[in-house]
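Peer 1: Now for the letters of each chain:
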Amino acid sequence: MSAAEGAVGAPTAAMRKAQTPFARIVSDFVANPVAVFGLALLVVIVLAAIFAPLISPQNPYDLAQIDVMDSKLPPGSKAATGGTFWLGTDDQGRDMLSAIFYGLRISLAVGTIATALALVIGLAAGLVAAYVGGRVESLIMRVVDIQLSFPAILIALILIAVLGQGTGKVIAALITVQWAYYARTVRSAALVEKRKEYMEAARCLALPPSHIVFRHLLPNCLPPMIVVATVQVAAAIALEATLSFLGLGLPITEPSLGLLIANGYQYLLSGKYWISFFPGIALLLTIVSINLVADQLRDVLNPRLQR
Amino acid sequence: MLVYVIRRSLQSVVVLLVMSVLVFVGVYAVGNPIDILINPQADQQDRERAIAALGLDKSLPEQYLSFLSGALHGDLGKSFVHATSALGLILERMPATLELAFAAMLIAVVFGIPLGLWAGLKPNGIAGRSIMAGSILGFSLPTFWVGLMLIMVFAVMLGWLPSNGRGDTVDVLGVPLSFLTVDGLRHLALPATNLALFNVALLIRLTRAGAHEALLQDYVKFARAKGLTNRRVIGVHVLRNILIPIVTVVGLQFGALIAFAIVTESVFAWPGMGKLLIDSLNLLDRPVIVAYLLVIVTFFIVINLVVDVLYSALDPRVRLTDAQG
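Protein chains in written order, with the numbering used here: chain E, 1 to 307; chain L, 1 to 325.
Please note that a few of the clues may not be correct.
[To be verified] Keeping only pairs whose Cα atoms sit at most 25 Å apart, straight-line, the calculated DMTMM-like set for lysine to aspartate or glutamate is:
{"#": "1", "chain 1": "E", "residue 1": "Lys-194", "chain 2": "E", "residue 2": "Asp-299"}
{"#": "2", "chain 1": "E", "residue 1": "Lys-194", "chain 2": "E", "residue 2": "Glu-254"}
{"#": "3", "chain 1": "E", "residue 1": "Lys-272", "chain 2": "E", "residue 2": "Asp-299"}
{"#": "4", "chain 1": "L", "residue 1": "Lys-122", "chain 2": "E", "residue 2": "Asp-299"}
{"#": "5", "chain 1": "E", "residue 1": "Lys-169", "chain 2": "L", "residue 2": "Asp-279"}
{"#": "6", "chain 1": "L", "residue 1": "Lys-58", "chain 2": "L", "residue 2": "Glu-48"}
[As the list claims (entries may be wrong)] One side only, chain E facing chain L, incomplete, derived with CB under 7 Å:
{"#": "7", "residue": "Phe-29"}
{"#": "8", "residue": "Gln-147"}
{"#": "9", "residue": "Leu-148"}
{"#": "10", "residue": "Pro-151"}
{"#": "11", "residue": "Ile-155"}
{"#": "12", "residue": "Tyr-267"}
Keep in mind the hints are simulated off the structure, nothing from the lab.
For glycine and all other residues, C-beta sits at the position ideal for the given N, C-alpha and C.
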């Protein structure tokens, strides 16, 4: 799988035992240059999103700063007011680079908020199912099974059709799409952990159930969740972009990357590629970097691949 | 087995009913189609007549019941916009979507399985690594953006292939099909490639993981110890064992392809069911939205059931008679 696997042979196995798990994870992660590149890229993207107002050449949504005379200029054009549009301008005369930084903010925020909330709901549902068992478990897992038998885009579209459009509703749709993955993953991890001795010891000590679940069971179920959550952030960002592209996502007042791409779609056929192309590249780099990190995390956190 | 199928079918009916209530009530709550459909200059009398004609004057439960009884007779209501049967509209658009999905699945199988096998057999080679890196890209690229890029490169810059529509079709048993004409194939090429991309990546990963695992198994070692040729070990012993999950996924993914076709059809203006849904969502054409969602949910339930049953037929280790299913 990774370079780490090939390099780590039998002689180092004894050495590795002395490491803390965290140090082992870090050293395994760093062993794959592609994953490190992905992480570095992700850090740059997140920083760009956070500091968008500081690093953008202009505020693309301040009407005083944009000039319709600058509309649809190709990349590298000079602005009427001086300065250069490195990635061109859109039909309103907005600097694409600035619009992308601001769009990244919205895309990342929506994706992470939805994932965090879905993670909490999914963890709670999965842990309850595994710990309580019985009817509660079969009810929760039946709902999970049924939901996971439909593709995410369909669930999201049904929800958008039912709830209507808007930022809150898109987040609600993304949460609904995701929670089932977490519930299923954490339940299967918890079922394995539940049978281990430390759980029995905790029960013998007559610890309160909430303490057992949150202090003993939950931390041991987290590694697979980290991988699933990382992948799901990328999936959520892509899904939000897709919904926005279809005109069913975020409102025009909160232009995410998907909306920027949709905006440039009509100009694509006349050869003005940059309005759609560059926001797409930003979206792509975001998703790829997250997936590269997730891919390596999966290998690093999977005990079956530790030789 | 029979008990299992009956149990699953009953469960499917419940899911379908719950979905129909949810979708009907939910879609009902979105906007007011009257504002869009009736001329704003119309007087009160005309408005009321139109509302009564569309059945919008009744209470919500009444509307649902009349919808449900209609649905059981195969009538899912009339489109507000097209003034024809909603189900008819969907059935009319269905061949285009199915054609696109089949073409995409064909591309995915033809490219995905051999590439995955290659990557699985030579995991540390340059080709294997590039294939895997490419598959990450296939997962990561949002479908709609790849579609735009395909249009940009092949339709706008190179001018080789058309960017929208279905092209010439030939009627086979009354069903218009694109892939029988050269023009139709040219129109099909870009959207089918676009839709296939995710599944190519998925099949690569699945085949590779399966091959990777199978190569370490005792039966493969035994086959090699017997002195069988590499070809036979891979082609018969490995491939046959990894085909089980692949068949399952191909089956399940077919439904996903129809759902994802919504995006591809919107990008390429392919006149299928998915484009109809998006248009209907924008025009608040409620009967069509409800009918589409019910048709596609039914589709999924049937596909899932068939795949489960097939799975047990392929893999004797799976016992469907198990009460938990």
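Peer 1: Any of the earlier hints contradicted here, and which numbers?
Peer 2: 2, 3, 7, 8, 9, 11, 12
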